[in-house]
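Whole structure, please, built from the sequences with the hints as guidance.
For the protein sequence lines, the chains are A and B, in the order given. With the first letter of the first sequence counted as 1, position 170 gets the number 169 in numbering that gives the first Met the number 0; the numbers rise by one all the way through. With the first letter of the second sequence counted as 1, position 213 gets the number 212 in numbering that gives the first Met the number 0; the numbers rise by one all the way through.
If you are wondering where the hints come from, they were derived from the structure by calculation, not from laboratory data. Treat each hint with caution, since some may be false.
As the list claims (entries may be wrong) - Some chain A residues well away from chain B (every beta-carbon gap over 10 Å; in silico): (1) Ala36; (2) Leu95; (3) Tyr111; (4) Ala202; (5) Asp211; (6) Gln228.
Said to hold, decoys possible - Have a look at the derived ranges for each label pair, beta carbon to beta carbon: (7) Ala258(A) with Glu190(B): 44 to 54 Å; (8) Leu249(A) with Phe15(B): 50 to 60 Å; (9) Glu57(B) with Ala88(A): 26 to 36 Å; (10) Glu190(B) with Ala88(A): 21 to 31 Å; (11) Ser143(B) with Arg260(A): 53 to 63 Å; (12) Glu206(B) with Met266(A): 43 to 53 Å; (13) Ser143(B) with Ala84(A): 36 to 46 Å; (14) Ile14(B) with Ala100(A): 19 to 29 Å; (15) Asp136(B) with Ala84(A): 29 to 39 Å; (16) Ile244(B) with Ala84(A): 56 to 66 Å; (17) Met266(A) with Gln233(B): 56 to 66 Å; (18) Phe257(A) with Asp71(B): 48 to 58 Å.
What the hints assert, rightly or not - Residues from chain A that face chain B, not an exhaustive set, calculated with beta carbons under 8 Å: (19) Glu172; (20) Ser176; (21) Leu179; (22) Val188; (23) Glu263.
By construction, the Cβ of each residue, glycine as well, lies at the ideal position given by its N, Cα and C atoms.
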Amino acid sequence: MTADMNGPFHQRAARMSTLIDCGKFLLLAGLAVWLLALGTRGLGYQWQWYRVPRFLLVAQGGNWTAGPLLQGLWVTLQISALSLACTLALGLAAALLRLSASFTARALARGYLELIRNTPLLIQIFFVYFVLSPVLDIGAFASAVLALSLFEGAYAAEILRAGIVSIHRGQWEAAHSLGLGVLDTYRHVILPQALRRVLPPLAGQGISLIKDSSLVSTIAIYDLTMQGQRIVAETFLAFEIWFTVAAIYLVMTFGLSFAVRALEHRMNGAPHVRIGGIA
Amino acid sequence: MTDEPIIEARGLTKIFPGGIVALDRFTLIVRRGEVVVIIGPSGSGKSTFLRCLNGLEEVDDGAIVIDGIPLDHHRRNRLLIRQEVGMVFQSFNLFPHMTVRENIDLAQIHVRRKSHAQAAQTTMALLAKVGITEKADRYPHELSGGQQQRVAIARALAMNPKVMLFDEATSALDPEMIGEVLEVMRALATEGMTMVVVTHEMGFAREVGDRIVFMEAGRIVEEAPTGGFFGTPQQERTKAFLSQIL
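Rendered as structure tokens:
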């Protein structure tokens with residue numbers, strides 16, 4: 000940084016532009032709140048937020064225990080975490096098969112991708128639960144993880160493949176010229192670089208997975224959505240409960256984005272120049 | 000230099016899609032310890048020939064034998080040849096996500112199956128040889144072009160190859176960095192390394208080359224020991240080419 004950039008004029012300009020930025024943000028937030036208030040007033044709905052906390056935490060003999068919503072959250076977290084791991088494994092396998100020299104491998108991967116991406120997830124969940132699970136002898140929970148992994152894996156495969164083919168072929172040639180085989184080249188040279196590039200879209204897929212996991216409520220799994228549904232049926236607190244459920248999903252997905260962003264930062268992948276900033 | 004051949008390439012033909020003939024029944028025998036410099040106009044097939052020698056390109060016809068190992072459809076032979084043949088590229092092709100040290104360690108550990116300690120020892124010795132020990136823990140993008148190319152040479156040497164191929168190793172460099180890379184190559188030649196060098200650096204060719212091969216349209220126009228090639232070129236085409244670039 001030059002001496003000029005630290006001068007009083009530059010500092011004042013920087014403070015000024017931060018101030019203006021904050022002003023714009025407050026203006027937008029105010030506008031959003033005003034619109035929301037306008038919408039709910041027109042609804043004529045009797046808000047009863049005070050009844051919500053008991054579904055999150057229950058006081059039992061002086062001890063706090065998880066209410067149905069938090070129990071559901073725990074199930075959703077388990078399903079999402081397991082599915083995320085399986086999605087990455089499956090996506091990587093499918094991407095490598097699609098890039099394989101073998102026709103059979105490519106056809107297999109292609110068939111999987113087209114079948115999964117062109118049919119609704121809900122029907123896939125039903126198929127796995129009602130048709131496959133008796134054959135494989137697995138329960139509802141495992142069926143849910145399997146169906147979600149199969150679905151998201153197809154999307155992850157294309158993201159990973161895009162990352163792999165974006166690596167310059169000079170990298171392959173350098174690795175080959177050193178005597179590294181295909182698998183070692185993938186493992187040490189290509190994948191570390193490709194993963195770094197596709198981290199943002201991969202994070203987006205992870206977020207989709209968490210939200211899509213709400214569909215497993217259709218096969219009698221008491222996840223966050225299913226618990227919400229049950230409470231609404233009993234109490235008619237439709238908006239309060241659904242908004243709470245949505246907020247919990249938001250916290251989960253935001254947590255994931257935040258973790259990925261931190262990872263991205265550590266890998267030096269973050270952009271250094273912002274649009275509208277100083278180039 | 001001995002009379003024993005280490006590279007035998009006979010009748011190589013390579014036709015690219017679109018009908019471009021890159022190699023046309025090209026034959027070249029390189030002896031152990033010899034430095035062969037290949038020159039010629041761009042598109043004459045020089046780089047293609049080098050890339051065929053370690054199987055980065057597949058020939059449509061012809062046979063390649065390196066140190067007694069035939070380069071054929073057996074993956075094992077291909078990998079064996081690549082272990083014995085080091086290659087340096089015009090665009091360096093260092094692995095950008097690894098430090099200099101890791102770049103040079105990689106093949107030693109995963110191909111030569113050396114221990115990390117053994118690899119580290121070789122790596123530091125090679126970095127000393129190419130004169131950049133102080134950059135061992137830097138990433139490639141933190142190095143100048145000349146430094147990157149010297150690391151790339153060290154990386155190829157780490158496999159302890161019997162042959163080194165240089166594919167226009169100095170063409171992507173700023174003029175002031177060409178010298179430091181040529182210096183390393185010159186030292187290698189002096190040590191008796193067998194080298195096949197594609198280059199436009201005629202000073203280097205004249206000084207370090209044992210034999211010059213002039214290529215055009217996938218064929219050898221003229222080949223001769225260095226002194227004779229530059230002193231008394233036989234072909235009119237060679238004379239014309241030399242008069243253009245010297």
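Next item on the list: Hint by hint, work out which the structure violates, then give me just those numbers in ascending order.
Entry: When the structure is compared with the hints, numbers 10, 11, 23 turn out to be violated.
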